[in-house]
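As you go down the protein sequences, you meet chains L and D in turn.
Okay, so the first sequence: first residue is 1 according to full-length UniProt numbering, each after it adds one.
Okay, so the second sequence: first residue is 1 according to full-length UniProt numbering, each after it adds one.
Hints listed in this document are in silico derivations from the structure and should not be mistaken for laboratory results.
These figures come from a predicted structure and were not determined experimentally.
All C-beta atoms in this analysis are idealised placements derived from N, C-alpha and C, irrespective of residue type, glycine included.
Careful, some of the hints might be misleading.
For each label pair, taking beta carbons as the anchor points, the in silico distance ranges come out as [stated by the list, open to error]:
#1 L:E256 to D:R17: 44 to 52 Å
#2 L:K86 to D:S18: 23 to 31 Å
#3 L:W260 to D:S121: 52 to 60 Å
#4 L:E169 to D:G97: 52 to 60 Å
#5 D:G115 to L:E256: 52 to 60 Å
#6 D:T98 to L:D139: 32 to 40 Å
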Amino acid sequence: MSTQPDQTDDETESTPEPDAEPEPESPGERRRAEKAARAEAAEEEAADAEPDLGDDAITLKVFRYDPEVEGKTEPRFDTFRIPFTKGMTVLDALIEARDTYDSSLTFRHSCRQAVCGSDALFINGRQRLGCQTQIADLDGDVVRVEPLPHQDVVKDLVVDMEHFYDQMEAVEPYFQTDETPDGELEEQFQTPENREEIKMSTRCIWCGACMSSCNIAADENEYLGPAAINKAYRFAMDEREGENMKEHRMELIEQENGVWRCQTQFSCTNVCPKDIPLTEHIQELKREAVKSNLKFW
Amino acid sequence: MSQSYDRGTVEDFGRWRSFTAGMWAWLFHKFTGWVLIGYLFTHIAVLSTALTGEAAYNDTIVGLESLAIVRLLEVGLLAVAVFHILNGVRLLFIDLGTGLEAQEESFYASLVITGAITIASVPTFVSGVF
Numbered sequence: 001m002s003t004q005p006d007q008t009d010d011e012t013e014s015t016p017e018p019d020a021e022p023e024p025e026s027p028g029e030r031r032r033a034e035k036a037a038r039a040e041a042a043e044e045e046a047a048d049a050e051p052d053l054g055d056d057a058i059t060l061k062v063f064r065y066d067p068e069v070e071g072k073t074e075p076r077f078d079t080f081r082i083p084f085t086k087g088m089t090v091l092d093a094l095i096e097a098r099d100t101y102d103s104s105l106t107f108r109h110s111c112r113q114a115v116c117g118s119d120a121l122f123i124n125g126r127q128r129l130g131c132q133t134q135i136a137d138l139d140g141d142v143v144r145v146e147p148l149p150h151q152d153v154v155k156d157l158v159v160d161m162e163h164f165y166d167q168m169e170a171v172e173p174y175f176q177t178d179e180t181p182d183g184e185l186e187e188q189f190q191t192p193e194n195r196e197e198i199k200m201s202t203r204c205i206w207c208g209a210c211m212s213s214c215n216i217a218a219d220e221n222e223y224l225g226p227a228a229i230n231k232a233y234r235f236a237m238d239e240r241e242g243e244n245m246k247e248h249r250m251e252l253i254e255q256e257n258g259v260w261r262c263q264t265q266f267s268c269t270n271v272c273p274k275d276i277p278l279t280e281h282i283q284e285l286k287r288e289a290v291k292s293n294l295k296f297w
Numbered sequence: 001m002s003q004s005y006d007r008g009t010v011e012d013f014g015r016w017r018s019f020t021a022g023m024w025a026w027l028f029h030k031f032t033g034w035v036l037i038g039y040l041f042t043h044i045a046v047l048s049t050a051l052t053g054e055a056a057y058n059d060t061i062v063g064l065e066s067l068a069i070v071r072l073l074e075v076g077l078l079a080v081a082v083f084h085i086l087n088g089v090r091l092l093f094i095d096l097g098t099g100l101e102a103q104e105e106s107f108y109a110s111l112v113i114t115g116a117i118t119i120a121s122v123p124t125f126v127s128g129v130f
């Protein structure tokens, strides 16, 4: 197995030399004895490396890269055989691989229930949450796991999210209003209709899957990206923020690298693990921007 | 992170295979758009022969139309134009915010209609040269 290259070396080295017999042997005999010993060692190793994993064991191919360790700086794929259990997610398989085979396998995960947004990965050619992706739902027995494309890899499956967070911060992703109710203790209500309008956009978990799937965001790094624009939508459409604040938010997103960069490829909408209709929200903000700028009088 | 990180050969491993309908629609729209721009210039060039006289214009048109390759290119041009029109209408609806749920279906519909119209046009375009 390619997962334990070091171990293979250790075992062959530690195997005792078979030439312990006192009487001299011919070179052919010695070679045969050596060969037998080697075969035995290989068999032992195979038994060690391939325990009975059950009939439906899956193959996990994981992207590996570590710039800080000599010999691991070249990106490569490692293969792990993982016993399948019912309901197993890709994250479960990764955890199993890390705990069983290689403790240096690095990936982010936290809540394991698609809420924290830590484990967005590129699984079988598509951005998905590791904890939300059932292995049973994937085609074939080989699960291919890579870090999110279009982002710098820090190590193995961990990517640098700094740029994504910068873009999210750029749209001021927090509630702010200058239209508070008169009474000091009066509540600020939102109409059920308005809540319904922004409902889906509030679901964002900042996993970065959309940003990674968007090839405009990949090419033009100043582009705010689907997640940030969705965040802007969530607050711009919130009626409680008032007219002034909406104007301020529209100014933020109708910049050159704002909503107009979107080319409606629907990549973000396709990969969003929370099913947010990102393209729809971006398009709605485009229409808002046009409406606020076009004046026919 | 202005430069994309080089992940070696694994980076671009069969990525186009996993393109979704929306991505293909975007690619085809770009491609057909550039083809139509290219055609616009040749179109102007051919029409401009009329400036030198009726005979030159007629000779050019008849000469071009007698070439089988030009007839085939015309079929291609029709396909490109029809797809660009249909997908353009699709994008128009997307911009208006209607039918975003059906964006994949509308792309496939554009392809099917384009194919049908192109095939139906073949007899008209190639008659007389083969």
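Comparing the hints with the structure gives:
1. L:E256 to D:R17: 44 to 52 Å: The hint (44 to 52 Å, Cβ to Cβ) is violated, given that E256 of chain L and R17 of chain D are roughly 33 Å apart.
2. L:K86 to D:S18: 23 to 31 Å: holds, 27 Å
3. L:W260 to D:S121: 52 to 60 Å: Violated - the Cβ-Cβ distance for W260 of chain L and S121 of chain D, about 36 Å, lies outside 52 to 60 Å.
4. L:E169 to D:G97: 52 to 60 Å: Hint violated: Cβ distance 28 Å, outside 52 to 60 Å.
5. D:G115 to L:E256: 52 to 60 Å: Cβ of G115 of chain D to Cβ of E256 of chain L: about 38 Å, so the range 52 to 60 Å is violated.
6. D:T98 to L:D139: 32 to 40 Å: holds, 33 Å
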